[in-house]
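Chains as they are written, first to last, in the working numbering: chain A, 89 to 428; chain B, 89 to 428; chain C, 89 to 428; chain D, 89 to 428.
One or more of the hints may lead you astray.
A pair holds if it fits inside one copy or across any two, identical chains being indistinguishable in the list.
Claimed, not checked - In silico DSS-like pairs for lysine-lysine, Cα to Cα no more than 30 Å straight-line: (1) 105 with 374; (2) 105 with 197; (3) 353 with 374; (4) 353 with 324; (5) 339 with 298; (6) 324 with 298.
Note that these hints are calculated values from the structure, not bench results.
Residue strings, one per chain:
There are 4 protein chains.
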Amino acid sequence: MAEQLRIGVIGAGRIGKIHGENIARSIPQARLEGLADIKLSAEQDAWARRLGARLVSKDPGDLLSDPAIDAVVVCSSTDTHADLVIAAAEAGKQIFCEKPVDLSVPKVKAALAAAKKAGVKLQIGFNRRFDHNFRRIREYTLAGEIGAVQLVKISSRDPAPPPPAYVAVSGGIFLDMMIHDFDMARFQAGSEITEVYAAGAVLVDPEIGKAGDVDTAMVTLRFANGAIGVIDNSRKAVYGYDQRVEVFGSKGAALAENDLPNTVKLYSETAVRGEKPLYFFLERYKGAFVDEMAAFADAVLQDKPVAVSGEDGLEDMYAALAAGKSLKEKRPVSIDDVRI
Amino acid sequence: MAEQLRIGVIGAGRIGKIHGENIARSIPQARLEGLADIKLSAEQDAWARRLGARLVSKDPGDLLSDPAIDAVVVCSSTDTHADLVIAAAEAGKQIFCEKPVDLSVPKVKAALAAAKKAGVKLQIGFNRRFDHNFRRIREYTLAGEIGAVQLVKISSRDPAPPPPAYVAVSGGIFLDMMIHDFDMARFQAGSEITEVYAAGAVLVDPEIGKAGDVDTAMVTLRFANGAIGVIDNSRKAVYGYDQRVEVFGSKGAALAENDLPNTVKLYSETAVRGEKPLYFFLERYKGAFVDEMAAFADAVLQDKPVAVSGEDGLEDMYAALAAGKSLKEKRPVSIDDVRI
Amino acid sequence: MAEQLRIGVIGAGRIGKIHGENIARSIPQARLEGLADIKLSAEQDAWARRLGARLVSKDPGDLLSDPAIDAVVVCSSTDTHADLVIAAAEAGKQIFCEKPVDLSVPKVKAALAAAKKAGVKLQIGFNRRFDHNFRRIREYTLAGEIGAVQLVKISSRDPAPPPPAYVAVSGGIFLDMMIHDFDMARFQAGSEITEVYAAGAVLVDPEIGKAGDVDTAMVTLRFANGAIGVIDNSRKAVYGYDQRVEVFGSKGAALAENDLPNTVKLYSETAVRGEKPLYFFLERYKGAFVDEMAAFADAVLQDKPVAVSGEDGLEDMYAALAAGKSLKEKRPVSIDDVRI
Amino acid sequence: MAEQLRIGVIGAGRIGKIHGENIARSIPQARLEGLADIKLSAEQDAWARRLGARLVSKDPGDLLSDPAIDAVVVCSSTDTHADLVIAAAEAGKQIFCEKPVDLSVPKVKAALAAAKKAGVKLQIGFNRRFDHNFRRIREYTLAGEIGAVQLVKISSRDPAPPPPAYVAVSGGIFLDMMIHDFDMARFQAGSEITEVYAAGAVLVDPEIGKAGDVDTAMVTLRFANGAIGVIDNSRKAVYGYDQRVEVFGSKGAALAENDLPNTVKLYSETAVRGEKPLYFFLERYKGAFVDEMAAFADAVLQDKPVAVSGEDGLEDMYAALAAGKSLKEKRPVSIDDVRI
């Protein structure tokens with residue numbers, strides 16, 4: 089293995105560009121060796137070359153067949169993830185794959201099996217585990233400051249709903265949005281989810297309801313270790329991206345408030361005002377995107393387990409599927425009921 | 089009606105003494121005219137007389153038959169509440185009754201019917217509606233700052249569990265503890281609860297489990313207006329009494345943090361420290377106890393509806409009963425399923 | 089001495105009424121035995137009697153000559169304080185005197201001498217030492233959490249300026265307003281002020297300037313123990329009463345923020361808003377007024393030194409006089425330069 | 089001018105490396121074209137080349153004579169700043185110079201004159217003006233939210249004192265440390281300092297006193313617009329780097345609290361704990377270092393005035409010199425008294 093992890097990014101959309109920039113600029117132990125995008129534009133080509141990419145192509149296969157590329161970061165459209173993971177695994181590349189691996193459990197399982205068979209690492213892009221706030225809570229728990237975890241509470245609300253057209257193909261709020269929170273819940277509880285109960289409603293945009301989804305949801309979780317959790321999601325918080333986590337245990341509790349753009353308080357004749365939370369995930373999780381990629385590079389270079397495994401992604405997905413089933417059937421659903 | 093409401097307090101235990109002190113010292117429009125306690129001690133007698141009580145007796149009937157007493161505050165043991173409310177109503181007294189009116193729905197209904205028939209006011213002691221923080225949230229909602237309410241989140245955790253012996257006769261966590269939160273939820277949502285789903289566990293004290301109760305609970309609520317809610321209770325938060333409310337809506341959100349004994353932050357070599365929340369309900373809701381009694385006096389003196397009616401108490405009770413049933417049957421339960 | 093301290097209040101203006109109410113309602117170890125006000129109104133008479141006062145008079149001498157009155161609280165106009173303290177001392181009464189004892193140092197000294205000669209206690213009404221926030225800082229210092237005190241910073245700003253007519257007779261911003269902060273500074277530093285440097289300006293109301301005073305001031309302090317302090321005053325903070333203290337030392341720092349009416353934060357499309365600080369000293373120091381009087385009663389009943397002595401009041405006054413001189417002469421002024 | 093500003097960094101010490109990294113990685117409109125360090129190590133050489141530097145040399149003159157270098161960033165030792173600025177100006181380079189330009193006013197003036205004569209831009213490295221918190225306060229003031237500025241308060245405390253050897257050559261606390269705060273004060277007041285009064289003490293390390301300096305200082309400022317200010321400095325705050333600013337005016341006030349590494353609060357049996365402030369200036373002003381360099385690049389590329397001019401640096405220096413004189417002479421000192 090080279091001293092620096094030579095990474096090829098597949099897909100130069102919004103998230104692909106973030107990973108590309110981070111790899112090239114902020115992660116000394118990695119470098120942006122290549123980029124592939126099936127609709128590669130001149131602008132994307134120039135962008136990648138400016139960041140030092142040697143191999144820029146419309147064909148992801150070019151990255152996979154290049155022996156000087158150690159790892160790929162899969163940021164293409166969701167429906168291509170599983171096939172690319174399988175192909176990359178077969179090519180012996182280390183793999184970082186954006187969430188979700190797929191919306192179909194069998195395809196996810198096939199991808200995981202391929203990585204396992206090839207003996208390559210597969211890290212899933214649940215970036216929030218690397219967030220400075222949420223990681224700090226977990227550290228407190230691991231240090232024994234919280235005691236036995238009893239309650240996990242997560243608020244996760246977007247500043248604005250996606251277009252209904254997106255909603256229709258997204259897999260629904262549980263697979264598209266709350267899946268991050270299921271992963272966070274498992275991370276913070278240090279235990280697997282065993283059962284969920286989902287309450288949901290269309291309170292933000294009737295079009296989302298017409299697309300067969302809900303835009304507001306409250307999901308109760310039970311964990312294998314006895315703890316209880318709750319996640320609330322809304323597609324629209326007018327005050328911005330709301331990302332809070334609370335862990336309560338036998339010895340204490342830890343709460344992470346939102347990140348703000350600055351600490352200034354304005355005292356006026358009518359109120360004391362502070363800034364709204366950082367607008368959305370690109371601003372809010374800026375550092376987490378860097379840290380997850382650095383962790384991936386370290387896991388490969390030092391041959392350590394990845395921080396968020398394919399199995400994590402699969403468990404998160406089961407939770408989301410169970411939540412969907414619970415909402416539909418108006419009853420609590422065991423994770424085992426959806427496990428296949 | 090006299091210029092000051094002449095109140096007789098029934099029961100001189102912890103809460104009776106608080107109401108007595110408040111009436112005598114902090115509510116100019118009321119005065120402590122009498123006290124009755126079936127186990128009246130010399131100390132209690134002296135206390136009441138020091139506060140200006142004219143009539144001190146072991147027999148609550150003495151207060152009810154005294155024409156110079158306008159209203160009674162029922163603070164005796166729970167099993168006597170309903171009978172005292174009925175007797176007071178028949179005696180034409182205005183009534184403030186501590187929660188719960190009774191643990192049996194028919195007895196509650198009988199008490200409510202008696203008050204209604206007698207045309208007297210009946211206010212239930214859900215003091216938290218008068219809390220400076222929670223009232224402020226409701227004011228924001230009523231002023232349109234929150235928009236349509238979509239989510240209501242309540243954390244309510246005690247600093248230490250009650251003795252298992254108490255738990256056994258308390259009616260269980262939902263009727264004994266979370267009933268305050270059901271009332272708060274209805275108050276903040278401005279809507280009735282239609283369905284609940286309860287998850288519960290014994291995580292604090294196995295003795296509570298042996299007494300047939302849980303000590304940790306997470307209850308999802310659905311409201312008639314479409315909003316969704318969640319309440320979490322724990323019998324033991326080592327850091328003290330944890331009382332927080334959050335209301336989220338189409339135009340904004342309001343959050344009430346815990347009250348602290350002072351605003352001081354200590355910056356040291358290891359951390360920045362602040363005080364823990366106020367220890368328990370007597371400290372935390374000190375002002376709310378005064379304000380609920382002042383509101384009762386005003387409601388009587390100005391012939392206005394009471395702020396927390398007997399019907400409120402009954403609805404809160406239905407929510408608690410439904411939560412108990414949900415926990416037992418492991419399914420969401422409609423309020424109508426427990427309404428009798 | 090009686091079990092309860094029998095107190096006569098002299099002067100039934102705003103502050104006299106607060107002390108009277110507190111003595112009657114909130115300090116079990118004291119009672120309001122009498123009231124005297126040279127312009128006693130029927131309303132004041134009724135108020136005092138309602139609070140249980142036995143002796144209500146237009147003549148303060150009636151309180152002083154009554155053997156069943158143990159102590160007097162001097163709340164009359166400032167120009168009468170010194171003479172009343174002297175008369176009360178000669179009558180053997182324990183004395184609580186509102187600040188300032190007088191605007192003339194010789195008169196203050198005469199009053200202190202009279203109390204000393206009579207062997208009665210004399211507590212001055214610097215209520216802020218009893219404030220829950222500022223007392224907590226002092227406790228941290230005394231507990232060694234701050235280490236050696238190096239810096240003391242005090243912000244003290246009023247919500248609105250007094251009428252210029254008041255300013256003209258007030259003794260000026262240093263004797264009228266900042267004197268509280270000089271006392272707080274000495275209390276927090278645990279050391280005497282040795283030198284001051286005052287910068288001042290007329291930035292709020294030109295009429296205050298015409299009255300020969302400033303309305304904005306920043307005063308640097310040097311303490312005998314080597315610490316340095318600063319106090320800023322403004323006669324007008326549009327956001328309300330601003331009362332903050334910071335103590336910084338070799339082992340840490342403690343900061344007291346303003347008190348707010350509630351903890352609610354409102355998240356809206358434009359900002360996150362909280363309440364402004366409590367409006368003015370009556371609301372802000374409500375508890376401190378009770379606690380200073382309770383401490384006075386305890387000091388007398390248990391024959392302990394008072395928490396704020398006449399000598400404290402005199403030292404605070406020297407600091408104020410030195411600040412005035414510094415402002416006028418545009419140079420730092422030693423306290424010894426104004427000591428007489 | 090090229091599309092990207094081609095920058096040569098002079099001096100590859102701590103601050104030079106930060107600027108070099110930022111230019112190469114975080115400022116798209118600039119690039120690291122060259123590096124010169126008179127003691128260039130192999131490691132520094134490799135570092136610069138890895139960041140894309142074309143010209144790496146031990147001789148700053150190589151950068152100055154290279155026509156493909158548009159601008160230099162002077163980060164060498166303070167005693168070389170003025171000569172390098174003059175040489176760079178004569179070579180027609182745009183100049184960013186770390187503070188201070190020099191400890192001697194005539195040398196600073198000569199450097200400013202050279203830049204002016206050559207018609208090149210000269211920006212001084214007062215990075216804090218670009219801080220997200222302090223910039224926000226200034227924005228509030230400029231937006232009229234504060235009204236007329238009346239008070240400016242700055243706390244600026246280091247986590248640990250420098251070695252006494254450094255202190256001896258640093259120019260003293262006012263020129264070395266508080267000069268940042270004089271610049272901030274002028275920036276926030278929007279007005280020039282006209283007079284200062286300095287109180288200082290040796291409370292942290294007696295060796296600093298032996299080196300002829302103080303380690304704790306409180307300086308009162310008067311501004312041309314009538315506002316009053318105060319700055320406190322300590323060489324040692326055990327809880328970390330303390331950087332706060334408050335601006336108070338006729339319409340409101342704005343306060344910037346310290347930046348923290350995360351928002352987590354830990355509730356335990358003994359206290360509620362949060363993190364200490366970010367440790368020191370590299371962490372605290374990370375973003376400000378990027379933003380000041382981006383602003384420099386923009387000022388050059390778009391031919392706009394620089395945000396912090398050489399004249400700003402000179403005025404800041406006069407304030408520092410006046411503070412030193414005030415401390416020595418124990419009197420307020422007018423800026424005009426030290427202007428030469």
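Checked hints:
no. : hint         : in the structure
1   : 105 with 374 : both (12 Å within a copy, 23 Å between copies)
2   : 105 with 197 : within (28 Å within a copy, 47 Å between copies)
3   : 353 with 374 : both (24 Å within a copy, 21 Å between copies)
4   : 353 with 324 : both (25 Å within a copy, 19 Å between copies)
5   : 339 with 298 : between (46 Å within a copy, 23 Å between copies)
6   : 324 with 298 : within (17 Å within a copy, 44 Å between copies)
When the structure is compared with the earlier hints, no violation turns up for any of them.
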